[in-house]
Structures are given as structure tokens and as C-alpha cells.
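*Asks:* With these hints in hand, go ahead and build the complete structure from the sequences.
Line order of the protein sequences matches chains D and S.
Numbering-wise, numbering that gives the first Met the number 0 puts 74 at position 75 of the first sequence, and it's gapless, one number per residue.
Numbering-wise, numbering that gives the first Met the number 0 puts 36 at position 37 of the second sequence, and it's gapless, one number per residue.
Treat the hints as calculated values from the structure; they're not laboratory data.
Quick caveat: nothing in here was measured; it's all calculated off a predicted structure.
Beta carbons are placed, not taken as given, at the ideal position from N, Cα and C, and that holds for glycine.
What you were told as hints is all true, and nothing was included just to trick you.
If you only want the chain D side, here are some residues facing chain S, beta carbon under 8 Å, derived: (1) A8; (2) L10; (3) L74; (4) L81; (5) F84; (6) A87.
So the chains spell out like this:
Number of protein chains: 2
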Amino acid sequence: MANQYRALAALGDNTRRGIFEKLRAGPQPVSELARGLPVSRPAVSQHLKVLKDAGLVADRVEGTRRVYQIDPRGLGAIRAWLDQFWTASLENYRAAVESDSRENDE
Amino acid sequence: MANQYRALAALGDNTRRGIFEKLRAGPQPVSELARGLPVSRPAVSQHLKVLKDAGLVADRVEGTRRVYQIDPRGLGAIRAWLDQFWTASLENYRAAVESDSRENDE
DNA sequence: ACATTACGTTAGCTGTAACTTACCGTAAGT
DNA sequence: ACTTACGGTAAGTTACAGCTAACGTAATGT
Numbered sequence: 000m001a002n003q004y005r006a007l008a009a010l011g012d013n014t015r016r017g018i019f020e021k022l023r024a025g026p027q028p029v030s031e032l033a034r035g036l037p038v039s040r041p042a043v044s045q046h047l048k049v050l051k052d053a054g055l056v057a058d059r060v061e062g063t064r065r066v067y068q069i070d071p072r073g074l075g076a077i078r079a080w081l082d083q084f085w086t087a088s089l090e091n092y093r094a095a096v097e098s099d100s101r102e103n104d105e
Numbered sequence: 000m001a002n003q004y005r006a007l008a009a010l011g012d013n014t015r016r017g018i019f020e021k022l023r024a025g026p027q028p029v030s031e032l033a034r035g036l037p038v039s040r041p042a043v044s045q046h047l048k049v050l051k052d053a054g055l056v057a058d059r060v061e062g063t064r065r066v067y068q069i070d071p072r073g074l075g076a077i078r079a080w081l082d083q084f085w086t087a088s089l090e091n092y093r094a095a096v097e098s099d100s101r102e103n104d105e
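*Replies:* What follows is the structure, given as C-alpha cells:
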């Protein structure tokens with residue numbers, strides 16, 4: 000599976016989005032990420048592994064802690080994927096809306 | 000669940016991404032979307048319902064056909080969500096990379 | 001050396017999302 | 001009116017994602 004796909008699938012889960020949004024506040028260790036979330040700490044670890052494989056987060060060891068932060072490369076992959084649709088879909092959409100009056104061909 | 004979340008969850012599924020990417024070629028009826036996909040036609044209908052609820056596709060009736068097309072509003076919702084991360088994460092990322100030499104404070 | 005803290009990993013359970021099959025309504029052609 | 005094509009919906013099954021509990025490991029403090 001390509002990277003954009005993994006990133007989209009990763010952010011498709013509610014809990015992972017919660018973790019990811021928590022990381023927006025800055026780099027944090029696992030325990031702090033788990034604090035307040037409705038799932039256990041090991042669950043957060045599993046989610047972080049998925050996010051890491053998707054290129055969405057990066058981690059660095061800091062003593063006994065492991066600090067995670069957002070990796071912009073995963074975000075870039077998604078944005079690139081989205082941009083493939085933008086132009087074409089906008090054209091199609093506008094064309095469809097504007098052709099409300101004429102529907103007599105074919 | 001907010002709209003951006005629904006859109007992300009919708010595109011998190013492989014089959015739905017396949018349908019969505021097929022729509023990049025332009026508006027198409029359901030049978031044509033199902034053609035070539037590894038799932039049955041009813042399955043495609045179910046996926047289209049999810050995509051529609053997420054604001055990612057729009058449909059119009061055309062005789063006995065029902066033509067689907069990409070709805071740019073869903074794409075816009077995802078893009079807006081992504082943009083919330085862009086600036087902050089880039090700063091954090093660069094700050095972390097650049098502070099490789101100094102790790103003696105705190 | 002021992003205890004403790006912080007995480008990752010594994011095994012096993014469970015809810016649910018995705019799928020198929022079957023069915024029904026509707027639009028259009030003959 | 002009958003038929004055919006198109007597609008949404010319901011019911012039922014199944015594979016897997018996400019969770020917890022338990023365990024293992026590495027680093028730090030005392």
C-alpha cells in the first residue's frame with residue numbers, strides 16, 4: 000500500500016485522530032498522550048506504531064521516555080493525493096451545476 | 000462526528016478510495032463504477048452512501064440511472080483540517096532536527 | 001543490586017464494518 | 001401491461017481492527 004493510502008487509513012480511526020490532534024500542541028511522550036484518552040496506554044502505543052508506519056509521526060528516545068511528534072511528510076503525502084482531485088472535481092462540479100437548464104442531449 | 004472526520008473515515012477504506020479515484024475520470028453511474036471493482040454492485044451502493052454522507056460525492060438522477068460525481072466540499076473539509084497541522088508541525092519538526100547538537104538543558 | 005518508571009509487544013477477546021444474497025421499487029422501452 | 005435495466009435496502013455472515021491484560025526490556029534513581 001502506498002504511503003498516502005496508509006496515511007489516510009491511519010487518520011480514518013477516531014482514536015488515532017485524537018492522538019494526532021493532541022500532538023498538534025507539540026512533541027509529547029506516550030504517557031502524556033494516553034492521559035485523558037478513553038483507551039489504555041498500550042492501545043496508544045499500537046496507534047502510534049500505525050501512525051509512524053504511515054509517516055505521520057516521528058519518535059525519538061529521551062532517556063526512558065519516547066517522545067513523539069508530527070512528521071510533516073505524512074501530511075504532505077495526503078495533501079498531494081488530495082490535489083489530484085481538486086482541479087478535475089471542481090470543473091466537473093461547476094459544469095454539472097451550470098447545465099441545469101440543458102438536459103436534452105443524449 | 001464532524002464532517003472532516005466523516006470524510007477522513009470514508010477515505011480510510013480501500014474500496015471507497017477505489018471508487019473515489021474512479022470518479023476522478025468524471026461523473027459515472029453506479030454500474031459503471033462497480034465494473035472492474037472486486038466487490039458486488041450493492042456493496043458499491045453502500046460505499047457511495049457513506050461517501051455521500053461524508054460530503055465527498057453528489058448524485059443526480061438521470062432516468063433510470065443515478066450518476067455520481069465528486070463533491071469538492073468534502074475535499075475542502077479535509078484540506079482545512081490538514082492545514083491546522085501544517086504550520087505548527089513544520090516548526091516543531093525543524094526545531095527538533097536543528098537541536099541535535101544541544102540536548103543538555105532540562 | 002533493587003525498585004521504579006516508561007514503553008513496546010504479544011495473545012486473546014469482541015464489536016463492527018464490509019461483503020454477499022435476496023428482494024423491492026422505479027423508469028423506460030415494446 | 002409486460003419486461004428489462006438500474007440501483008437502493010434488508011438480513012445475515014464473516015474477517016479483522018481495536019481493545020485489554022499480562023509480560024518483557026531498558027533506563028534511571030536510591
